[in-house]
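S.K.: Next come the chains, spelled out residue by residue.
2 protein chains.
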Amino acid sequence: MVVILDGREASAQLLGELKGRVEALKARGVVPSLALILVGEDEGSRRYVRMKARRCKKVGVEATIHHLPEASTEEVVSLVERLGGDPSIHGVMVQLPLPEGVDEDRALAALPPEKDVDGLTNETLGRLLRGERCYPPAGVGAILVLLERYDVGYEDKHWVVVGLSDIVGKPLAALLMSRGISVTCVAPDHPRLGDYTRMGEVLVVDVGRKWAVTAEMVRPGAVVVDNGNNYEEGKVYGDVDFEAVRGVASAITPVPGGVGPMLIANLIKNTVEAAEASA
Amino acid sequence: MVVILDGREASAQLLGELKGRVEALKARGVVPSLALILVGEDEGSRRYVRMKARRCKKVGVEATIHHLPEASTEEVVSLVERLGGDPSIHGVMVQLPLPEGVDEDRALAALPPEKDVDGLTNETLGRLLRGERCYPPAGVGAILVLLERYDVGYEDKHWVVVGLSDIVGKPLAALLMSRGISVTCVAPDHPRLGDYTRMGEVLVVDVGRKWAVTAEMVRPGAVVVDNGNNYEEGKVYGDVDFEAVRGVASAITPVPGGVGPMLIANLIKNTVEAAEASA
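Protein chains in written order, with the working numbering: chain A, 1 to 279; chain B, 1 to 279.
The shape of chain A in the complex, shown without the other chains (with noise of 0.2 Å):
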């Protein structure tokens, strides 16, 4: 029998369970406290960032939306600055992309990995390769998080990551690595997919195209994490051919449903983790 790997129902239980640390932390004087810097006018990431806003207070963590409609770089620069070095403040997001014209690296560069809890800076993809301390990047977060809910237990198994993007790919590669897991990493493009994707015991689908994965190119037993989000005619499908692959598979995750869900817990649950490293 399959397993569904439900996203929802993990958020669900890992959000309850973060608001008894919250009040664990609350009860030390501890108010564990999120700033989301928005910059621009774009209508999508407006609406991100207020969810996001909206979730944390629903656990008692503290979200503050910083909204700069106009700004140089060095006015970002300068808020990023300013929230990295108040000591009430355990996390600091910035909402990607930034509007054309402001330096994204500088812009991040001055963020303290200590408060990048949506793992966005080099610095931090640089520990993640190194195994030190550090948020990883929300989507790879998301997709552990997810697994080590239903205890999968993927460490001795070799992963496949197919889809070589800077905020899933290849992070995600980078920290299996340096916990010593081994890992394919392959683009979507490459003429012989099939025999790779077929060598995953956990195969990890970040491609950005319906049903590009089929159920032949799924190891029988594998776990499949179904990382796509294709909007078509107002429905949404993942990169995996989900209903055939199910038949394959040893668990995989829905999409909607799936990883989706786990992006905002995970922020949430790194800036509880911020606070409690601070206290």
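Please keep in mind that the hints were generated in silico from the structure rather than gathered at the bench. Be careful, since some hints might not be right.
No copy labels: a pair is met if it fits in one copy or bridges any two.
Stated by the list, open to error - Below, simulated DMTMM-like cross-link-like pairs (lysine to aspartate or glutamate); rule was C-alpha separation at most 25 Å, straight line:
#, residue 1, residue 2
1, 26, 273
2, 157, 195
3, 157, 201
4, 57, 43
5, 58, 148
6, 157, 216
We have chain A; now place chain B onto it with these hints.
M.R.: Same frame as chain A, but now just chain B:
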């Protein structure tokens, strides 16, 4: 016929070319300059730093050894900062390991990425993973420069890297991923190691055990890179059983005389490139 990837020959050739580039820089009034920081009294490190300085001078690159026989973290950080801020110096290298009590992370964090010609900092590793401009760690640069010299056409091949060290395996995988090259990284103690090594069209071995990779573990026609340096009764042996594997591979590095000689040549190449970038 197997091609022997001769690092002595390739590094001599590279250094010859660098001489010309150094002369061109000097004609424009720029003297490429490397600062070598040595902390403590380790005899091996002292010898290695002196060797680096001598090789620099041979091609006209100025090399200054800054030796602190004893130093606190603060003293090392302030030396790194001073050299990092000096516009007449193009590359800064901190000889590792630092003596106990000196915080390596803090010392390296003070090094500006554009002068990190030995690829030591977390910022560099993050850039490597993202595919941004940086100098890869010496061990990675040495391998790539050697393969490029022999034009083995590695970009469309599947790479397998055995060994997950901070200075070779992990950053090499990061660089390959950032170029869209598919790569499998596997720990040397993996129970099915041979299954993975046989996948490698390019196989890089960095294990630290004499002849850990035998002929039956190598895919016929593979390019084999041996990063081993195992001393036994005054002789040095690779991680690959060279005599047996040369009958299977299409190209192979010898030990000694393979990757080793490329390390210093690559450091000097990076220093010259840093000088060119600043000029």
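S.K.: Hint by hint, say whether it matches the structure.
M.R.: Right, here's what the structure says about each hint:
Taking the shortest alpha-carbon separations for residue 26 and residue 273, only the intra-copy value of 13 Å comes in at or below 25 Å, while the best inter-copy value is 53 Å. Proximity of residue 157 and residue 195 under a CA criterion of 25 Å is satisfied in both settings, with 17 Å inside one chain copy and 14 Å between copies. For the identical chains of this complex, residue 157 and residue 201 are neighbours both inside a copy (6 Å) and across copies (22 Å), given an alpha-carbon limit of 25 Å. Taking the closest pair of Cα atoms, residue 57 and residue 43 come within 25 Å of each other only inside a single copy of the chain (21 Å); across copies the shortest separation is 58 Å, beyond that limit.
When the C-alpha separation of residue 58 and residue 148 is checked against a cutoff of 25 Å, the pair qualifies only within one copy, where the shortest distance is 23 Å, while the shortest distance between copies is 55 Å. For the homomeric pair residue 157 and residue 216, the shortest alpha-carbon distances inside one copy (20 Å) and between copies (23 Å) are both at most 25 Å.
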